[in-house]
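From these two lone chains plus the hints, build me the complex, please.
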Amino acid sequence: MTALPEYALPEAARKFRAEVRAWLAEHWNAERRAAHEALPATHRLWDPEFSRELGAQGWIALSWPEKFGGQARSPMEQWVFAEEMRRVGAPLRYHGVASGVVAGSLMAFGTPEQQEHWLPLIREGRVSFCLGYSEPGSGSDLASLRTRAERNGEGWRINGQKIWTTFADEAEYIWLAARTDASASKPHAGISMFIVPMNADGLSLQPSMAMYGKTFCNEFFDNVEVADEALIGGVNNGWNVITGALADERISLGAFVIDAQLLFERIMAYITTAPAHGVPLAQDPVVRDRIAALAAEIEMARQLSRNAIRQIELGQPGVVEAAMSKCYTAELMERLAQTAADLLGSTALLSKDSQGAILSGSVEYALRESVMLVIGGGTNEIQRTLVAQRGLGLPR
Amino acid sequence: MNSTMTHLDEDERTLLIDSLRQLLQRNADGEPKDTWRQLTELGLTQLARPSGAGGLREATLALQELGRVSSTAPLIGAVLANLVAEEGGALAPLLERLDAGDAGVAFAFAEFDGEANAGKVTLDGNKLSGCLRFVEGLPAVTDLLVPLAGALAWVNIEAVGAQVTATPILATEPLHELVFDGAEVVTVALAPDTLNDLLTLAQFCATARALGAARCALEEVIEYAKTRTQFGQPIGRFQAIQHKLVNCFTSLEAIRLSSFHAAEQFDLGNPQWRFFATATSAFASQALRQVALEAHHTFGAIGYSEEHGMPSHFRRIHSDALKHGGVRHAREALATRLLGARL
Numbered sequence: 001m002t003a004l005p006e007y008a009l010p011e012a013a014r015k016f017r018a019e020v021r022a023w024l025a026e027h028w029n030a031e032r033r034a035a036h037e038a039l040p041a042t043h044r045l046w047d048p049e050f051s052r053e054l055g056a057q058g059w060i061a062l063s064w065p066e067k068f069g070g071q072a073r074s075p076m077e078q079w080v081f082a083e084e085m086r087r088v089g090a091p092l093r094y095h096g097v098a099s100g101v102v103a104g105s106l107m108a109f110g111t112p113e114q115q116e117h118w119l120p121l122i123r124e125g126r127v128s129f130c131l132g133y134s135e136p137g138s139g140s141d142l143a144s145l146r147t148r149a150e151r152n153g154e155g156w157r158i159n160g161q162k163i164w165t166t167f168a169d170e171a172e173y174i175w176l177a178a179r180t181d182a183s184a185s186k187p188h189a190g191i192s193m194f195i196v197p198m199n200a201d202g203l204s205l206q207p208s209m210a211m212y213g214k215t216f217c218n219e220f221f222d223n224v225e226v227a228d229e230a231l232i233g234g235v236n237n238g239w240n241v242i243t244g245a246l247a248d249e250r251i252s253l254g255a256f257v258i259d260a261q262l263l264f265e266r267i268m269a270y271i272t273t274a275p276a277h278g279v280p281l282a283q284d285p286v287v288r289d290r291i292a293a294l295a296a297e298i299e300m301a302r303q304l305s306r307n308a309i310r311q312i313e314l315g316q317p318g319v320v321e322a323a324m325s326k327c328y329t330a331e332l333m334e335r336l337a338q339t340a341a342d343l344l345g346s347t348a349l350l351s352k353d354s355q356g357a358i359l360s361g362s363v364e365y366a367l368r369e370s371v372m373l374v375i376g377g378g379t380n381e382i383q384r385t386l387v388a389q390r391g392l393g394l395p396r
Numbered sequence: 397m398n399s400t401m402t403h404l405d406e407d408e409r410t411l412l413i414d415s416l417r418q419l420l421q422r423n424a425d426g427e428p429k430d431t432w433r434q435l436t437e438l439g440l441t442q443l444a445r446p447s448g449a450g451g452l453r454e455a456t457l458a459l460q461e462l463g464r465v466s467s468t469a470p471l472i473g474a475v476l477a478n479l480v481a482e483e484g485g486a487l488a489p490l491l492e493r494l495d496a497g498d499a500g501v502a503f504a505f506a507e508f509d510g511e512a513n514a515g516k517v518t519l520d521g522n523k524l525s526g527c528l529r530f531v532e533g534l535p536a537v538t539d540l541l542v543p544l545a546g547a548l549a550w551v552n553i554e555a556v557g558a559q560v561t562a563t564p565i566l567a568t569e570p571l572h573e574l575v576f577d578g579a580e581v582v583t584v585a586l587a588p589d590t591l592n593d594l595l596t597l598a599q600f601c602a603t604a605r606a607l608g609a610a611r612c613a614l615e616e617v618i619e620y621a622k623t624r625t626q627f628g629q630p631i632g633r634f635q636a637i638q639h640k641l642v643n644c645f646t647s648l649e650a651i652r653l654s655s656f657h658a659a660e661q662f663d664l665g666n667p668q669w670r671f672f673a674t675a676t677s678a679f680a681s682q683a684l685r686q687v688a689l690e691a692h693h694t695f696g697a698i699g700y701s702e703e704h705g706m707p708s709h710f711r712r713i714h715s716d717a718l719k720h721g722g723v724r725h726a727r728e729a730l731a732t733r734l735l736g737a738r739l
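If you read the sequences in order, they're chains F and X.
Mapping of the first sequence onto my numbering: position 374 corresponds to residue 374, and the numbering continues sequentially without gaps.
Just so we're on the same page, my numbering is the position in the second sequence counted from 1, plus 396.
Bound conformation, chain X alone (with noise of 0.2 angstroms):
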């Protein structure tokens, strides 16, 4: 795996985050498919693709950039695309329109997802019917790719003029639920172990953007509690903030170690990338969300008003931690690794 793909040197790196954050900075407001588009400029579409240049561990790393900033532009599907259309194959035209950033892509795993109630489409040669659930970053997503069994379908959402509901959730923007009827599909072959790593990915990927965001809410929660002056002393002098902060700066680390070095074994095809990621989404699903409490907690009424940034904070972080099943399904791929599969 991977053989092909140009590694980034640690500077190379740091230049593309610092781009990033200032593109996302300069586009608080924006568009999405605007800003989208100008994140396609930055090379990001190609992140993690076998011939691509920079791999998972600067995906994850501009994840947490994009969860700073509560941003859903689709670099999710673009990665894990990434992991499916060969040079050349079917879907190649789709990396073709991502990499010129006329399109977004998400993918929709539907009874394959981990989470119970993500909708079950089926396939009638290349017709695509059913629903699906919890799709994320329209309207800069343009398109979808759907596991079946054996099978991944790529539909063009504009194309086959889906029914599309905007299903209101905690995180800051909408999810959308799309119905198809019939919809034309281009398909590729799709095999049980590669789903299987797409479900890893995707959960490892949200992980990150949660980890970006959970970062963010403590940087800024660790400089309020030096400014913020009660009972004549800043609080940050206190015992019960500063060990409550620490605890959560040590899960953070850990995860942003965790994260990085999962990435990095991918990118260097080693195997075992596999348990590494596992892990990280394991832990990071319900130690994330604990930082995120630890936060407001420190914060006080203030960072409950939604004036604030820690309520987005608190959207994102829960909305990527739960997602592909969350802590319980990631917790039983480590065990199925560990222990065998349950009978």
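Isolated chain F (complex conformation) (with noise of 0.2 angstroms):
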């Protein structure tokens, strides 16, 4: 058994996984895939026609209610399909962004013109965003953010710069947190949300890379000006509007326990057949304990993750949930990294397309890739603290 075991699902989200799987078996089917894999790391998981197939199959709107064209599916079903769509490594960057952020901030605080202009076109796969939060100066302190907008007769006119954006190079759109009003009597309150059009005069990028192989951009506002349609969520009112609409980004950041439990099943494939030099890797008790311990602490992160989703189906917030199986499933994915590197040694150091890599190179990846999972989506520090006063009571 190289498998983890899986879970008993209830009927509905069983029927839905099957669902899934024939759905991908034809439309990311093996040769697909492999084209895709062969993709440069820039490029990988943004593909807009991919993206529109899953909208025609009303699949970005999984989650949505009804009325807005949306399935309405219930959280174990959103997590059965984040699970199965990450575990054929299929391509929702150019969606993801619009259908996990921006989406549901529309539905919840948009203009009825607002909602009809872009729910269908993210709903059908037809549009891309990237992130306008982080700032040079502001990180995990958000709300200390600078770049302004100011009144500019009937429209706004932005000026600032904004930082480490994934997918900027690509994303017709940009979700901004703006300032429009710098005496506000808490920094949270004098926050406003915009949509801005990569393509607008004054908006120019300095591309950069990050680590983990996905581009990390700059971002430059030079009196960029923008209608007031463009303003969603009212003004002042942008920290309501970054923080509240948040659901569906936790269920579909638990489901990456499930990029562990292939990491790790891999490795262990490879471990089961590897050739011998001396002891066999599956025989010798150091490699063995060490699978052992990694096994326990993956069935550790399902529990957690699961029960975040569990929350959310009970009609509770989930957010302690949802933090600490942030922190803990993405200090596990840095620990199998770290584990595999200690096994294997430099051999699953060497790159995807160098020759004699093994796990086409995902053990170098995993390495790269899982400090950004404990930094990114705010840093496990950030939801310690979440977590310490929200779950623990702990004074502030």
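Hints are all accurate, no fakes.
A partial selection of chain X residues facing chain F, derived with a Cβ cut-off under 10 angstroms:
id	residue
1	Leu614
2	Ile637
3	Phe671
Read the hints as simulated data drawn from the structure, not as lab findings.
Model, not experiment: these values are computed from the prediction.
All C-beta atoms, glycine included, are put in the ideal place defined by N, C-alpha and C.
Structure, rendered in structure tokens:
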């Protein structure tokens, strides 16, 4: 047995999983997947055509209420979907920010006109966004952001800088947090959200690369002008918009435990078949001990992740549970990659295309990527503080 | 497995556990035999019995309650006995005495224990001789079940007149060493797979008890961190304290969830319960001890006093987390499932 046992699922989720698997077998077949995996890392996971196919199937709007053209599927079905997509490395980034962040905000805070304009585009996989949150001086302390939007007649004029943006060079729009009231009593109170086209006059890009092989761009806003319709959720209401529609993100975030499981299963498959160099790896007591320790930890990560979903299903916010799951799983990915490197040595560091590479370079990639899992999506320190204060009731 | 078990719903489960907690509070200073008799009146000896009411889920929750107050009332033995004592079989009289509160049973695995020095016994016809070590729960324990190659021996300690020596150990209550010389026993057949299941369950049940102690320790230390003031503020405001307590909480939540899931899969007859239970034990063995350490660190000297509750949690957690070969045994069992047996 080199696969971990699957969990029993409720009937609806089990049926949906079979449906998703069948659909993927057709639409993300081996040939297409191989062609995608042969792309350079910068272009992987970004595939507008695949997003449109998903859109036609209704699955970009899987979690949306029916009144917005969604399928109103349960959190467990959403989790199953996210897991199945990750299982085959399906490219979801073209519509990822749009469906995971922007759509929820529009549904909760957009005007009917804004909803009517944007939601069909997102639902059908016809529009892409990048995320305009972080700035050189504002990372974890997002509310300190300084990019400003000022009234300019009927519209807005934006100046400032955003940083560390993935796929900014591909996206058509940026989901931008900007300061609209510099004198607000609390920093959170003076922020508003905007949708800005990436080809707007005055918006320039300075690409750079992140360690996990994706772009990591700077965007400079130099008197960028947008109409009033670009403002989402009202003036100075940005903090509520940012924090208000996170449930979808929490569910898809939790599903990344499947990545740990899949990598672990690949490592086990290698260990049980690798040519012996002295004692066969699978017979080496050190290897056995560390593999078993990891298996137990992955089991814990699966339980924490499922618990976060269960809370959302029960109508709870699930914020604390999701934060614990995120912290634990991200650090588990680091340990998994580091342990694989310990057990398999320099061979595991060979790049995907190197001669003699093992496991398609996935250990090498996981070593680099896992760091981002810990620091991205709210650093683990921020998450732990959240759990301490909201989960354990420790003083702020 | 367990096809005729009566499953409890969530309300019944909560009621059972609440009653147990109250009973244990009332009996904090009670005689072990008397406390055990009262526990049997709650129906605990039926838990995880194929024909009984309530399953391994309730058993693990009940064991957590015992762990909170560091009780070694012999519930683990009762749960394990239910796995092997078919109704109407040779062990039926034992079950009757257990249900009536007249007996307490413990398993002594001897050379199958996972622990290297757990003793060794031989069977000559129906006469048992040799030494059994790390036996828990005396005097409430009156009977032992002893796995041997292909057989399980049932021995009534008082009836056969074993030589009993207390062996003080890190745990609050001493364990015992028992020496038998031709003691008369009843034997039933024991398949190798059943023996493996008994060991998996024994470690899993001990893990549940340690989990209870660790959860209690964490609850107490969180309350302490909210009220203990140093440098002009509650120590629970320091990030160094907050983050370590969050790590503990995350571990305990993972173990609590995984323990319940494994027990649920057992109750539902899913053969994968063995993987889930072993994974729980393998992770918990180290993680629970780490929680004990972090709780001590946060309490500081106040929790190091023997008058404080912390030392009893520390002792319970370490004693239970290391039973039956501890983390080494559990990991090797997992590795065997995943990578095949060691040649």
